[in-house]
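Engineer: One letter stands for each residue in the lines below.
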Amino acid sequence: MLTQDFTNATATSATEPSLLFPFVLQLADTSLILAHRLSEWCGHGPILEQDLAMANIALDLLGEARSYYQYAAELEGKGRTEDDLAYLRSAVEYRNPLLVEQPNGDFAHTVVRQFLFDNYHYHLLKALKDGPDTHLAGIAEKSFKEAAYHLKWSSEWIIRLGDGTAESWQRLDKAIAALWRFAGELTTPAPAETALQEIGVVPDYATLLPAMQAYAAQVLAEATVPEPTAVFAQQGGKIGRHSEHLGYLLSELQYMQRTYPGMTW
Amino acid sequence: MVATAAPTEARIWQLLEEVSDPEVPVLSILDLGIVRGVAVDGEQITVTITPTYSGCPAMNTIATDIRLRLLAEGYTKLTIKNQLSPAWTTDWMSQAGREKLEAYGIAPPVDGTATGHMLNLFGKDTAVRCPICKSEHTHLVSQFGSTACKAHYQCDDCLEPFDYFKCHA
Numbered sequence: 219m220l221t222q223d224f225t226n227a228t229a230t231s232a233t234e235p236s237l238l239f240p241f242v243l244q245l246a247d248t249s250l251i252l253a254h255r256l257s258e259w260c261g262h263g264p265i266l267e268q269d270l271a272m273a274n275i276a277l278d279l280l281g282e283a284r285s286y287y288q289y290a291a292e293l294e295g296k297g298r299t300e301d302d303l304a305y306l307r308s309a310v311e312y313r314n315p316l317l318v319e320q321p322n323g324d325f326a327h328t329v330v331r332q333f334l335f336d337n338y339h340y341h342l343l344k345a346l347k348d349g350p351d352t353h354l355a356g357i358a359e360k361s362f363k364e365a366a367y368h369l370k371w372s373s374e375w376i377i378r379l380g381d382g383t384a385e386s387w388q389r390l391d392k393a394i395a396a397l398w399r400f401a402g403e404l405t406t407p408a409p410a411e412t413a414l415q416e417i418g419v420v421p422d423y424a425t426l427l428p429a430m431q432a433y434a435a436q437v438l439a440e441a442t443v444p445e446p447t448a449v450f451a452q453q454g455g456k457i458g459r460h461s462e463h464l465g466y467l468l469s470e471l472q473y474m475q476r477t478y479p480g481m482t483w
Numbered sequence: 009m010v011a012t013a014a015p016t017e018a019r020i021w022q023l024l025e026e027v028s029d030p031e032v033p034v035l036s037i038l039d040l041g042i043v044r045g046v047a048v049d050g051e052q053i054t055v056t057i058t059p060t061y062s063g064c065p066a067m068n069t070i071a072t073d074i075r076l077r078l079l080a081e082g083y084t085k086l087t088i089k090n091q092l093s094p095a096w097t098t099d100w101m102s103q104a105g106r107e108k109l110e111a112y113g114i115a116p117p118v119d120g121t122a123t124g125h126m127l128n129l130f131g132k133d134t135a136v137r138c139p140i141c142k143s144e145h146t147h148l149v150s151q152f153g154s155t156a157c158k159a160h161y162q163c164d165d166c167l168e169p170f171d172y173f174k175c176h177a
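From first to last, the protein sequence lines stand for chains A and B.
Going by the numbering used here, the first residue of the first sequence is number 219, and it counts up by one from there.
Going by the numbering used here, the first residue of the second sequence is number 9, and it counts up by one from there.
Excised from the complex, chain A in its bound form (with noise of 0.2 Å):
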């Protein structure tokens, strides 16, 4: 746990806070696991550059991550801390969807499931920063900026790969078949996000999908492989129903914290 120097400034809020919580929460759980994930092949990237990129894509989530955390910790009101919140809660209890915590596999897993994630977040952020939750917004805007550069890092990768040689277009495929399951859980809203939804609080996800299918499609067709059709989607992270792999991660993510309850550094 980090002691920090420094208050936030806080936005209002004309939302219904405990509306809003369970929200703020999906995001912050759904950036930090992401981030957690790429941190991993901090030191095993296939070059010193992308190691050092992929370090930096988890460095922004993470600050991503703390904003939410520190916002759903105030919006709860029950004293516990953003640290509370990240390092003393069980799988069961996490929001995220389930393809961010899908492990690493091999690099052309870890960009499919980036370029996933990172044509939903850039859209999603694009709508949030101009929402009428004036805490969310600011957020938001901070990191939509940052969303740019790892959706184009993930593009540029998924055309790299696809219209790179036999062996990195037919790594690619294999891992779009392995993820793209995941993606229709990240648009299908949740009960928390109905709620906000119904208030305009949250963008309806159907207005923000042609515009990622469109880009997805675009980025596909360059990279020359097949886009698929017709894919089922495999959800439950956003209710609690997580997959094996999220106690593993989490074992490692939590394990100072519990091993050492209230340590700082």
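Note that these hints are calculated values from the structure, not bench results.
In this text, all values refer to a predicted model and were calculated from it rather than measured experimentally.
A hint or two may mislead.
Unchecked claim - Chain B is faced by these chain A residues, among others (derived, beta-carbon under 7 Å):
#, residue
1, F224
2, H254
3, E258
4, P264
5, D269
6, G281
7, E282
8, R307
9, V310
10, S373
11, E374
Ideal placement from N, C-alpha and C gives every residue a C-beta, glycine not left out.
Fit chain B to the supplied structure of chain A, relying on the hints for placement.
Structural biologist: For chain B alone, kept in the frame of chain A given last:
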């Protein structure tokens, strides 16, 4: 502790000029544009700062450095506030800051080239001048460099690799 006259905003700004960025020590936090406001109410001083990137690990050090600098002058009622919106942009970096960066060996941001809101896949790299030999023949090695705010470039003439402070708008 020295007895100090009541703080004024002008005096606080002056002192903040002496606080440097921990990652790029030639730049003051004012050069970088991360101080968003100073408010003085009697003895109470509030300094508002904003991070360059969400995950900037230097924020805490910067807050501590501000606190230490002001404490050294005898100002004890201090609040350092972190504010995310409006989001930081390299447009807030001072001209003096840009010159200091280049002299330090980091190419300053080229305005109007932010990745921002248009995804230019495999687009032409931003033309960045080599801070060492001043050649314009350089190429992008990676969009992600030694810190979140920098990209990694190499000069095609003197062959030196160098950091480029990304335009972020």
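Engineer: All hints are to be evaluated individually against the structure, with a verdict given for each.
Structural biologist: Checked hints:
The interface hint given for A/F224 holds, since its Cβ lies 4 Å from the closest Cβ of chain B, which is under the 7 Å cut-off. Nearest Cβ of chain B to the Cβ of A/H254: about 13 Å, over the 7 Å cut. The hint is violated. Look at A/E258: its Cβ only gets to about 17 Å from chain B, farther than 7 Å, so that hint breaks. Because the beta carbon of A/P264 sits about 13 Å from the nearest beta carbon in chain B, more than 7 Å, this interface hint is broken.
With a cut of 7 Å, the hint placing A/D269 at the interface with chain B is violated, because the nearest CB-to-CB distance is about 10 Å. The closest approach between the C-beta of A/G281 and any C-beta of chain B is roughly 3 Å, which is under the 7 Å cut-off, so the hint is satisfied. Among the interface hints, the one on A/E282 holds; its C-beta lies about 5 Å from the nearest C-beta in chain B, closer than the 7 Å criterion. Hint status for A/R307: violated, given a least beta-carbon distance of 21 Å to chain B, over 7 Å.
The interface hint given for A/V310 is broken, as the beta carbon of that residue sits about 28 Å from the closest beta carbon of chain B, more than 7 Å. Nearest Cβ of chain B to the Cβ of A/S373: about 6 Å, under the 7 Å cut. The hint holds. Hint status for A/E374: holds, given a least beta-carbon distance of 6 Å to chain B, under 7 Å.
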